[in-house]
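Numbering (the numbering used here), first residue to last: 1 to 360.
Misleading hints may appear alongside valid ones.
Stated by the list, open to error - Lysine-lysine pairs mimicking DSS-like chemistry, simulated, CA-CA at most 27 angstroms apart:
#	residue 1	residue 2
1	Lys34	Lys77
2	Lys113	Lys97
3	Lys34	Lys23
4	Lys108	Lys62
5	Lys113	Lys86
6	Lys63	Lys97
7	Lys128	Lys113
8	Lys131	Lys69
9	Lys69	Lys23
10	Lys113	Lys69
11	Lys93	Lys62
12	Lys131	Lys63
13	Lys115	Lys97
14	Lys131	Lys115
15	Lys34	Lys63
16	Lys115	Lys93
17	Lys63	Lys31
18	Lys128	Lys108
19	Lys34	Lys69
20	Lys93	Lys69
21	Lys187	Lys128
22	Lys93	Lys63
23	Lys31	Lys62
24	Lys63	Lys32
25	Lys23	Lys77
26	Lys77	Lys108
27	Lys108	Lys97
28	Lys62	Lys23
29	Lys128	Lys115
30	Lys69	Lys108
31	Lys63	Lys108
Since the hints were made in silico from the structure, they are not lab data.
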Amino acid sequence: MFKAKKKEINNEFDQSIKGTSLKADAWRRLKKNKMAIGGLYIIIFYTIISVLAPILPIYSYKKIILDHKHLPPSLTKTAGELMLEKTEMRLLKFAEKTGRSELNNMEKDRLEKLKQRINTETGVINGKEVKLHDRRYLLGTDYHGRDMLARIIYGGQISIAVGTLGALTAVLIGFLAGSVAGFIGGKIDNLIMRIVEIVYSLPFMMIVIIFLALFGQSIFNIFIGIALISWLEIARIVRGQIISLKNAEFVDAARSIGASSTRIIVRHMMPNVMGIVIVFTTLQIPNFILTEAFLSFLGLGISPPFASWGSLLRNAIEGMSLYPWLLFFPALAMVIFMFSINFLGDGLRDAFDPQSKNRI
């Protein structure tokens with residue numbers, strides 16, 4: 001059998017016109033936004049690093065070596081060399097306070113014994129015997145001697161997961177509630193909107209804190225607690241869009257051929273509001289990450305030995321003047337990711353907005 005050839009549509013100059021879907025048109029305009037595409041690449045990089053964290057050639061994020069605590073970042077020096085420098089500097093300062101310009105024999109012996117211990121001391125890590133002080137900490141160590149690079153990577157894994165899963169959960173709840181309320185209307189609409197207004201009147205952070213206090217501090221409870229409140233805004237937005245669409249001609253056409261209400265909502269109305277939902281989801285992720293960081297700062301976030309960007313910042317506050325790398329690197333990783341996802345969200349908003357076609 002021969003397939004019927006699709007009829008071409010030509011303009012007044014007899015030139016073939018190719019149709020463009022909403023997604024293709026949005027992607028074409030998004031690609032012209034360099035900041036949004038740059039943000040997308042950074043987000044993909046962060047995601048890949050977070051997912052591949054268990055197989056990356058980095059140290060354990062929870063391995064405690066007290067001899068290595070508060071070691072500064074270094075690309076070339078080993079932990080043993082930094083330990084020796086730190087001990088020697090401390091002894092020289094003590095000698096200056098006592099009016100001496102050089103170390104005495106006892107202090108020199110102490111340094112020599114430390115040097116021997118650094119060269120010979122071994123430990124078992126992941127079932128292998130290794131020299132403990134040959135490790136190199138590119139971003140330094142924390143107050144327990146744990147590798148900051150590993151903790152930032154695993155912290156990003158948790159922060160990104162909380163932000164993404166929380167945003168998706170909130171948007172899914174709000175999307176379904178807003179669609180049902182806007183399409184059905186009447187008593188169902190009144191009931192859902194009254195629930196939204198009642199929950200909206202409650203203090204957001206207090207509800208999350210109470211939820212965590214009742215059900216415990218865990219990654220799952222954090223994003224569920226935040227999502228329970230964060231769906232309200234998207235429900236209102238989707239309801240308004242559905243109300244404006246339900247009397248459109250394509251909906252009347254679907255009704256006339258016997259389409260059910262569920263099919264009309266899922267197949268005809270939801271795709272028309274997906275642009276708004278995608279943009280809202282993208283912009284919600286930074287809010288969830290910031291909320292989790294604030295909860296961790298209050299001590300209600302991730303429990304040790306796990307870490308998130310928020311908990312790393314909280315732990316760094318006390319000694320940030322003496323050990324600035326503990327605050328600088330987690331904050332830098334978090335700021336870059338937040339800027340990137342905001343750039344992407346702004347780019348998606350412009351790409352899906354018909355009013356912006358002449359600007360991008």
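- Is Lys62 close enough to Lys23, meaning Cα to Cα at most 27 angstroms? violated (44 angstroms)
- Query: Keeping to a limit of 27 angstroms between CA atoms, is the pair of Lys93 and Lys69 held or broken?
  - Reply: Cα-Cα ~20 angstroms, so holds.
- Message: So if I understand the rule, the pair passes when the alpha-carbon distance is 27 angstroms or less; does Lys34 with Lys69 pass?
- Response: Judged against 27 angstroms, a Cα distance of about 42 angstroms means the pair is violated.
- For the pair supplied as a hint, Lys77 and Lys108, is the alpha-carbon distance within the 27 angstroms limit? The hint holds at about 22 angstroms.
- Message: So if I understand the rule, the pair passes when the alpha-carbon distance is 27 angstroms or less; does Lys63 with Lys97 pass?
- Response: violated (36 angstroms)
- Message: Given the hinted pair Lys128 and Lys108, is their Cα-Cα distance within 27 angstroms?
- Response: violated (33 angstroms)
- 27 angstroms limit on alpha-carbon distance, applied to hinted pair Lys131 and Lys69: Satisfied, since the Cα-Cα distance of roughly 17 angstroms is no more than 27 angstroms.
- Are Lys93 and Lys63 close enough, with their CA atoms no more than 27 angstroms apart? Cα-Cα ~31 angstroms, so violated.
- Taking 27 angstroms as the top limit, are the C-alpha atoms of Lys128 and Lys113 close enough? Status holds; Cα separation ~25 angstroms.
- Query: Can the restraint linking Lys113 and Lys69 be considered satisfied, given a maximum Cα separation of 27 angstroms?
  - Reply: Within the cut-off at roughly 19 angstroms; holds.
- Straight-line alpha-carbon gap Lys128 to Lys115, limit 27 angstroms: holds (23 angstroms)
- Are the Cα atoms of Lys115 and Lys97 separated by 27 angstroms or less? It holds: about 24 angstroms lies between the C-alpha atoms, which stays within 27 angstroms.
Taken one by one, the earlier hints fail for this structure at numbers 1, 4, 6, 9, 11, 15, 17, 18, 19, 21, 22, 23, 24, 25, 28, 31, listed in ascending order.
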